[in-house]
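Protein chains in written order, with the working numbering: chain A, 1 to 235; chain B, 1 to 235.
Keep in mind that the hints were calculated from the coordinates and are not lab data.
Hints may be right or wrong, so weigh each one.
Because identical chains cannot be distinguished in the list, a pair is counted as satisfied if it fits within a single copy or across any two copies.
[To be verified] Subject to a maximum C-alpha distance of 30 Å in a straight line, what follows is the list of computed DSS-like cross-link-like pairs (lysine-lysine):
id	residue 1	residue 2
1	Lys164	Lys48
2	Lys36	Lys49
3	Lys49	Lys6
4	Lys36	Lys113
5	Lys48	Lys6
6	Lys172	Lys113
7	Lys164	Lys10
8	Lys172	Lys36
9	Lys172	Lys10
10	Lys172	Lys48
11	Lys184	Lys172
One letter stands for each residue in the lines below.
Protein chains: 2
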Amino acid sequence: MSDLAKPHIKVIGFDADDTLWLNEVHYRHAETQFCKLMEPWLTEREAKKELFRAEMETLHLYGFGAKGFNLSMITTAVRISNGQVTAETIDSIVELGLELIQQPLELLDNVEKVLDRLSDDFRLIVATKGDLLDQERKLQNSNLENYFHHIEIMSDKHEASYRKLVRHLDIKPAEFLMVGNSLKSDVIPVLDIGAEAIHIPYHIDWEHEHVADTSKILPYTTLDHFHDLIEVLYV
Amino acid sequence: MSDLAKPHIKVIGFDADDTLWLNEVHYRHAETQFCKLMEPWLTEREAKKELFRAEMETLHLYGFGAKGFNLSMITTAVRISNGQVTAETIDSIVELGLELIQQPLELLDNVEKVLDRLSDDFRLIVATKGDLLDQERKLQNSNLENYFHHIEIMSDKHEASYRKLVRHLDIKPAEFLMVGNSLKSDVIPVLDIGAEAIHIPYHIDWEHEHVADTSKILPYTTLDHFHDLIEVLYV
């Protein structure tokens with residue numbers, strides 16, 4: 001188990017949320033609580049739909065992360081209550097955001113063990129989108145910081161952002177491998193710049209990350225579990 | 001005017017908000033509008049004080065930037081209205097945040113001319129705190145991106161963050177010069193790691209950046225205008 005299966009790879013980038021640690025489940029929990037507060041006006045299903053619509057309207061302004069999500073909840077509450085939502089409910093919504101930010105960090109299975117093994121043979125980095133302070137806090141709480149040479153917090157994960165990242169790492173795209181749970185953010189743009197990608201799906205996906213047409217995606221590897229990385233990367 | 005006055009300096013870091021472009025004035029404008037909405041309950045002076053208190057309570061959770069500021073306004077409105085604030089007013093507060101985020105960018109005097117000159121002889125970087133997406137957007141709108149080799153968006157500007165920055169730049173602290181409008185963020189921690197700093201005060205200062213006791217600060221240069229940098233850096 002000590003020969004490298006992909007000796008050309010110099011740097012492995014890891015997505016963070018739902019690749020290294022739990023995230024989406026906390027957002028879904030906050031969303032459910034929010035829908036409960038909206039019960040006087042809409043069903044859970046409708047309230048979720050309105051919240052998603054508000055999020056998409058302001059995503060280009062707020063960016064990813066708990067604060068923008070929280071502000072979108074407030075906008076949605078005012079909107080769907082037709083201006084009838086009380087200050088008390090607004091206060092509860094603000095609390096939901098603060099709880100989300102302070103959520104204890106929970107690593108996914110085998111993450112530390114695998115990073116420990118890989119860090120002997122590769123330069124490991126974190127490449128995550130989202131809120132700067134949120135992600136820094138999570139990384140600190142993860143106790144994984146020492147495995148990573150570099151933390152890249154990106155405002156979005158497009159081809160251009162990956163090109164910039166690879167240039168910054170001073171490597172060729174073909175020497176970069178990205179590992180993550182989102183086809184849209186961690187796989188497609190990475191393949192499109194000529195790098196490699198491994199998809200480790202997580203069972204809950206944010207609607208924004210859904211890819212409707214997967215027929216034109218370049219070849220990539222899909223794994224069921226984080227520890228399967230060892231089998232892919234070593235002969 | 002072509003000999004370098006500080007030939008040991010390899011990299012110059014620039015703070016962004018109120019060093020390269022206007023910022024605090026937009027926050028103060030939003031604050032004034034907010035205080036008007038709070039008139040049924042408190043005077044402007046008292047409302048400002050309550051807002052600042054709310055900001056300080058959550059700064060470690062929200063971080064710097066417009067979204068945290070906006071959420072603090074909402075918390076303050078609920079609090080000082082004793083739960084009487086209407087959904088309509090909450091909506092207006094959310095709008096104030098969105099306006100702040102979409103504020104057109106206005107460069108300070110001579111910034112581009114000076115950066116153009118300095119970029120011939122130094123590696124220039126931006127080292128700013130605040131919201132990732134906000135700062136990236138402002139930099140793009142500034143048309144200054146090409147003058148900078150690197151953009152560092154920091155969740156806070158402490159000694160440790162500057163140490164990390166200098167290590168990342170692969171230079172010695174003595175080879176780094178920081179330019180900014182905040183004694184607390186751009187000068188003191190920079191001097192404390194053994195680098196140099198130039199203070200260019202801006203006439204409006206955020207209360208959080210105030211330094212009570214300036215008697216123990218190591219030596220640094222203060223300039224009145226951005227273009228005075230040329231006189232300091234060239235013989």
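- Using 30 Å as the alpha carbon limit, work out where Lys48 and Lys6 are close: within a copy, between copies, both or neither. neither (43 Å within a copy, 59 Å between copies)
- At 30 Å max between alpha carbons, let me know whether Lys172 reaches Lys10 within a copy, between copies, both or neither. both (9 Å within a copy, 27 Å between copies)
- Should Lys36 paired with Lys113 be assigned to within, between, both, or neither, using CA atoms and 30 Å as the limit? Neither, since 39 Å and 56 Å both go past 30 Å.
- Query: When no copy is specified for Lys49 and Lys6, does a C-alpha distance of 30 Å or less occur within a copy, between copies, both, or neither?
  - Reply: neither (43 Å within a copy, 59 Å between copies)
- Message: Treating 30 Å as the Cα threshold, decide for Lys172 and Lys36: within, between, both or neither.
- Response: neither (50 Å within a copy, 55 Å between copies)
- Message: One pair to classify: Lys172 and Lys48, alpha carbons no more than 30 Å apart. Within, between, both, or neither?
- Response: neither (42 Å within a copy, 52 Å between copies)
- Evaluate Lys36 and Lys49 at a C-alpha cut-off of 30 Å and name the case that applies: within, between, both or neither. within (14 Å within a copy, 34 Å between copies)
- Is it within, between, both, or neither for Lys172 and Lys113, if the alpha carbons may be no more than 30 Å apart? within (28 Å within a copy, 35 Å between copies)
- Query: For Lys184 vs Lys172, is the C-alpha pair at or below 30 Å within one copy, between two copies, both, or neither?
  - Reply: For Lys184 and Lys172, only the intra-copy Cα distance (22 Å) is at most 30 Å; the inter-copy one is 40 Å.
- Task: Could you figure out if Lys164 and Lys48 sit no more than 30 Å apart (CA to CA) within one copy, between two copies, both or neither?
- Result: So Lys164 and Lys48 fail the 30 Å test inside a copy (35 Å) and across (41 Å) alike.
- Can you tell me if Lys164 and Lys10 fall within 30 Å by alpha carbon in one copy, between copies, both or neither? Cα proximity of Lys164 and Lys10: in one copy and across copies (16 Å, 23 Å).
Violated hints, listed in ascending order, are 1, 3, 4, 5, 8 and 10; each of the other numbered hints is respected by the structure.
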